[in-house]
Amino acid sequence: MNLTLKVWRQKNRNAPGHLAEYQARDIPVDASFLEMLDIVNERLIESGDDPIAFDHDCREGICGMCSLTINGKPHGGKGGVTTCQLHMREFQEGQTIVIEPFRASAFPVVKDLAVNRSAFDRIIQGGGFISVRTGSAPEANGTPIAKDVADRAFAAAACIGCGACVAACKNASAMLFVAAKVTHLNSVPQGQPERDRRVLGMVRAMDAAGFGNCTNQYECAAVCPKEIPADAIARLNRDYGTAAIKEALAG
Amino acid sequence: MKALYLAVIRFYASSIGKKMIVALSALGLLAFLLGHLAGNLLIFSGPDALNAYAAKLHGLGVFLWVPRLGLLGLVGVHIMATLHLAAQNRAARPQEYVADATLRATRSSRMMVLSGLTILAFIIYHLLHFTVGNLHGFHDDNGVYRLADGSMNVYKMMVVAFGVWFNSLFYLVALTLLGSHLSHGVSSLFQTLGFTTPRTRPLYTWVGRLFAVAICGGFASIPVAVLAGFLK
Amino acid sequence: MSSNPRQSETPDAAIPSGPLATKWSRHKMNARLINPANRRKYHVIVVGSGLAGAAAAASLSEQGYKVSCFCYQDSPRRAHSIAAQGGINAAKNYQNDGDSVHRLFYDTIKGGDFRAREANVYRLAEVSVNIIDQCVAQGVPFAREYGGLLANRSFGGAQVSRTFYAAGQTGQQLLLGAYQALEKEIAAGGVKMFPRTEMLDLVVVDGHAKGIVTRDMVTGEVTSHAGDAVLLATGGYGNVFYLSTNAMGCNVTATWRAHKRGALFANPCYTQIHPTCIPVAGSFQSKLTLMSESLRNDGRVWVPKRKEDCGKPAAEIAEEARDYFLERKYPSFGNLAPRDISSRAAKEVCDEGRGVGPGGLGVYLDFADSIKRLGEAAIRERYGNLFQIYHEITGENAYTQPMRIFPAVHYTMGGLWVDYNLMSNVQGLHVLGEANFSDHGANRLGASALMQGLADGYFVVPATLPNYLATQKPGSVTTAHPQFAAVRDEVAQRVSKLLSIKGKRTVSSFHRELGLLMWDECGMARTKDGLLKAIEKIKALREEFWTNVMVPGSGEEFNQQLELAGRVADFLEFGELMCVDALQREESCGGHFRVEHQTPEGEALRDDDDFSYVAAWAYSGDVSRPQLRKEWLTYEEVHFSTRSYK
Numbered sequence: 000m001n002l003t004l005k006v007w008r009q010k011n012r013n014a015p016g017h018l019a020e021y022q023a024r025d026i027p028v029d030a031s032f033l034e035m036l037d038i039v040n041e042r043l044i045e046s047g048d049d050p051i052a053f054d055h056d057c058r059e060g061i062c063g064m065c066s067l068t069i070n071g072k073p074h075g076g077k078g079g080v081t082t083c084q085l086h087m088r089e090f091q092e093g094q095t096i097v098i099e100p101f102r103a104s105a106f107p108v109v110k111d112l113a114v115n116r117s118a119f120d121r122i123i124q125g126g127g128f129i130s131v132r133t134g135s136a137p138e139a140n141g142t143p144i145a146k147d148v149a150d151r152a153f154a155a156a157a158c159i160g161c162g163a164c165v166a167a168c169k170n171a172s173a174m175l176f177v178a179a180k181v182t183h184l185n186s187v188p189q190g191q192p193e194r195d196r197r198v199l200g201m202v203r204a205m206d207a208a209g210f211g212n213c214t215n216q217y218e219c220a221a222v223c224p225k226e227i228p229a230d231a232i233a234r235l236n237r238d239y240g241t242a243a244i245k246e247a248l249a250g
Numbered sequence: 000m001k002a003l004y005l006a007v008i009r010f011y012a013s014s015i016g017k018k019m020i021v022a023l024s025a026l027g028l029l030a031f032l033l034g035h036l037a038g039n040l041l042i043f044s045g046p047d048a049l050n051a052y053a054a055k056l057h058g059l060g061v062f063l064w065v066p067r068l069g070l071l072g073l074v075g076v077h078i079m080a081t082l083h084l085a086a087q088n089r090a091a092r093p094q095e096y097v098a099d100a101t102l103r104a105t106r107s108s109r110m111m112v113l114s115g116l117t118i119l120a121f122i123i124y125h126l127l128h129f130t131v132g133n134l135h136g137f138h139d140d141n142g143v144y145r146l147a148d149g150s151m152n153v154y155k156m157m158v159v160a161f162g163v164w165f166n167s168l169f170y171l172v173a174l175t176l177l178g179s180h181l182s183h184g185v186s187s188l189f190q191t192l193g194f195t196t197p198r199t200r201p202l203y204t205w206v207g208r209l210f211a212v213a214i215c216g217g218f219a220s221i222p223v224a225v226l227a228g229f230l231k
Numbered sequence: 000m001s002s003n004p005r006q007s008e009t010p011d012a013a014i015p016s017g018p019l020a021t022k023w024s025r026h027k028m029n030a031r032l033i034n035p036a037n038r039r040k041y042h043v044i045v046v047g048s049g050l051a052g053a054a055a056a057a058s059l060s061e062q063g064y065k066v067s068c069f070c071y072q073d074s075p076r077r078a079h080s081i082a083a084q085g086g087i088n089a090a091k092n093y094q095n096d097g098d099s100v101h102r103l104f105y106d107t108i109k110g111g112d113f114r115a116r117e118a119n120v121y122r123l124a125e126v127s128v129n130i131i132d133q134c135v136a137q138g139v140p141f142a143r144e145y146g147g148l149l150a151n152r153s154f155g156g157a158q159v160s161r162t163f164y165a166a167g168q169t170g171q172q173l174l175l176g177a178y179q180a181l182e183k184e185i186a187a188g189g190v191k192m193f194p195r196t197e198m199l200d201l202v203v204v205d206g207h208a209k210g211i212v213t214r215d216m217v218t219g220e221v222t223s224h225a226g227d228a229v230l231l232a233t234g235g236y237g238n239v240f241y242l243s244t245n246a247m248g249c250n251v252t253a254t255w256r257a258h259k260r261g262a263l264f265a266n267p268c269y270t271q272i273h274p275t276c277i278p279v280a281g282s283f284q285s286k287l288t289l290m291s292e293s294l295r296n297d298g299r300v301w302v303p304k305r306k307e308d309c310g311k312p313a314a315e316i317a318e319e320a321r322d323y324f325l326e327r328k329y330p331s332f333g334n335l336a337p338r339d340i341s342s343r344a345a346k347e348v349c350d351e352g353r354g355v356g357p358g359g360l361g362v363y364l365d366f367a368d369s370i371k372r373l374g375e376a377a378i379r380e381r382y383g384n385l386f387q388i389y390h391e392i393t394g395e396n397a398y399t400q401p402m403r404i405f406p407a408v409h410y411t412m413g414g415l416w417v418d419y420n421l422m423s424n425v426q427g428l429h430v431l432g433e434a435n436f437s438d439h440g441a442n443r444l445g446a447s448a449l450m451q452g453l454a455d456g457y458f459v460v461p462a463t464l465p466n467y468l469a470t471q472k473p474g475s476v477t478t479a480h481p482q483f484a485a486v487r488d489e490v491a492q493r494v495s496k497l498l499s500i501k502g503k504r505t506v507s508s509f510h511r512e513l514g515l516l517m518w519d520e521c522g523m524a525r526t527k528d529g530l531l532k533a534i535e536k537i538k539a540l541r542e543e544f545w546t547n548v549m550v551p552g553s554g555e556e557f558n559q560q561l562e563l564a565g566r567v568a569d570f571l572e573f574g575e576l577m578c579v580d581a582l583q584r585e586e587s588c589g590g591h592f593r594v595e596h597q598t599p600e601g602e603a604l605r606d607d608d609d610f611s612y613v614a615a616w617a618y619s620g621d622v623s624r625p626q627l628r629k630e631w632l633t634y635e636e637v638h639f640s641t642r643s644y645k
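Residue numbers (numbering that gives the first Met the number 0), protein chains in the order written: chain A, 0 to 250; chain B, 0 to 231; chain C, 0 to 645.
There are no misleading hints in this set.
Straight-line alpha carbon distances no greater than 30 Å define the calculated BS3-like cross-link-like pairs of lysine-lysine that follow: (1) B:K1 with A:K245; (2) C:K191 with C:K472; (3) A:K5 with A:K77; (4) C:K191 with A:K10; (5) A:K10 with A:K169; (6) A:K10 with C:K503; (7) C:K371 with C:K306; (8) C:K371 with A:K146; (9) C:K496 with A:K10; (10) A:K5 with C:K503; (11) C:K536 with C:K496; (12) C:K501 with A:K5; (13) A:K10 with C:K501.
Computed list of chain B residues with no C-beta within reach of chain A, every gap over 10 Å: (14) A30; (15) L32; (16) G38; (17) A48; (18) G69; (19) T130; (20) L168; (21) L209; (22) L226.
Just so you know, the hints here were simulated from the structure itself, not pulled from any lab data. None of these values were measured; they are calculated from a predicted model. Positions of the beta carbon are idealized from the N, C-alpha and C atoms, including for glycine.
Let's have the full structure, built from the sequences with the hints guiding it.
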């Protein structure tokens, strides 16, 4: 198939960017979106041009490294898949595809379509963990966890930290990402001792990173490749509210 | 005491804190809307019922300023926090998408600032119109809009005011935007205050819509009834 | 030093004396310790942030050591451990079905076709139970039963249910647990993280690993880092085949650079080919996707009996015209035969021309019988996500037509040689997880990779590293040492050399050609002639690479082609060693199948008398003349037997 690509090119974080147009000819319909870009890049290199930089690694939808906003939709907007799992058969012959990076001030552009998502790591550093030293763990079956609680925690823990929620959000908010981790760890018994500290720390780290706020539009959930539901955000709000009141009153 | 004060500041400083303040102030404003609507609907029970209600409110004298200032405070907090949030949101994405797409966000959710600010303009107009303003000569001392005991003939004021078609039209437009604001705002409130669960979220969406239709339909029924000649 | 020259060539595995079952506890008891107050003076460099690297970095920081951790991804959470699907083994015996530390140990040794070191494997089985405790305490959401206790499943043909799992995302959940522990330590100031930073060389001072040289992948800056010990947890080398289930960035560079600085590379020819991957669709393909082995629990593998039927839709091939070859050849294990055996059987039928799908490289994995027996809903519940992945990639609906699968390179058992302490022959250089060779012998059992990565990271290295560090004065070597400047210069020169060639061929075209060559000659079946041919071709390809590769851009920027070029250059050297290793191993064992060495029925034929050793290769200064050192494997507890899955 033949396509017209309009790709965001930006030399580095501080350089201005622009859309450049490329013709992608004879692309196999069975190729993945990233393989289509591979083909375009091979031709760019062969003709002496600078290939398009984009992040990718596992190419099976689990590492969270690939990104791309395709025609305004992170991961193509299909929901439930990452860009690396998107295949060209989803597109039409002759279509024009606009490819932009995940846009947020908290995700500065590294080059072209690659962005720096270390703000997510800083949020996890704010409290997205259970403090257990290696070796100090009690017997695993010592604490039963009801199956539905474990299943719910697992569903939230499925987040791959790709940042599509931020990219899709009209306000570049990271609430779904934070909510997923808070829901995971605050649901299980092991996470209870730190639950207030966790949510306060993570929300503060999120705010400090310069993400926007949630206006309950749920664009995030619509593009999430792991289909984390927006209700997780309600839980985050609840846990944060409770923790903040406790902190204010009890110190 | 200082620690508590600092904790409040800290709460406001956080994104979720501000959102909760928006939601909580909205709760107060919603309660007012309900009360205001119930009072206004007395118009359908005839002039005596409505005027008696108005007289009772005015009879509160200086104490009427307690809810008035409270309301003003709620509106102020609601707007201040929202504008703070909106500014942060704009800063969070300095470079807009060239190709922008919307997948799930409702139109009303995308118009919240616009509808909110329009409602603010409407409130100012509304206050000028009925409470302080003298557009229709309500506050002239010739006694046309006063009852025998000297209190205001609110029923007559409303019938006269809504008898002017462009006046009513402006009210209806503003009410439509209020409905839009409420339909997203009310369901959002449950989410922001943390009551939403996977099962209840669709319910809250409908609660928001129903609330919006009920409030706006209720208010709109008055100018419509006046224009239709049902209320004279 | 022994006076016997043959003995001095043999690396010392430093296996503690005494009975197998008490070696580890005795070893820990005898190890030197470092006073808590002194630990912060030691700086430990950890390269890689997967299960092994993240677990080690976090655990060492908890003990009080100063840790620097490096990864090439933009965040440690993205390491390829995340892609492991099936599960993690542990000898908890929660199912009361006869499991024990000893049985897990024995199964692992046997599964590895008697080419793993007994003491290491026993320790692995021993600490497996601690791993589960640790992960559960971290909040890893393992599957549970209604009673709230942990669920287990039988995996990869094991006779007991000892596999813990989190749906099809066990690796992800375990990695996120280790990642969170790592971030906790970063927040506490114990670990400094260097994402998007690639290790390009090892710095060895007086026989001790004292640091690394890295390139910042965003700015291109080449930097030296000094430490009191270096831990490599950089994964496997499966991408030498170009197409594999590995992530695109997985590479051999860190371990290969260490090898060229003196570390022995052990058993490079041991590679695991996973039987259930989605077949190649075309030449554009960049990677292969694994479908969890658990599919074989309910799917039946078949191809048409007659070549002529291969082009027909599966539905038009009558039951009696189908060859359920695994069930036919291995009646007792059937579709659940071990990975190496199933893979080879699939290759054989495709070689006979009975493969299905594009290029005839595929076999059917058919769920029709299970759907008939259990209903589509039950199959959907078990494998829904896998069927969806399959649909995304192929556009086919596996509920109505059989899946097509084909073997793909999945895991590499070989790696840098390490002793019982996980230390290589280069003092202070420790190697963890898939990057070392130690625990899986010639074939890895399902659900054992996660176990080994976490065992090494959480429990083994934190216990053995202090024993080495205690011999070192902390901070004795800094980057001011001339060796650092020398290595840094070499790295910088190599980078500019790659950029200056400005030839005609893209890096990927070399990688693709190397991969195809390795797959054909050093893949599922290897022959002497093929390997000799491959070695010559690799040499020629390497030569062409260094004169005709085209790397655009500069070294002072984010340059993904430059990164790839460095990795492919190393694969082009490493691939030759793999073939050399496969050539010298004149037997078939586990993942290594030499066509010359098979039983009349076509099964692998081991030669324990001549080849029960670890082939540890030393770099001689010439890539084409590696020197073989043999570590003979002695078995005290187990006896050699022939694996039979008939």
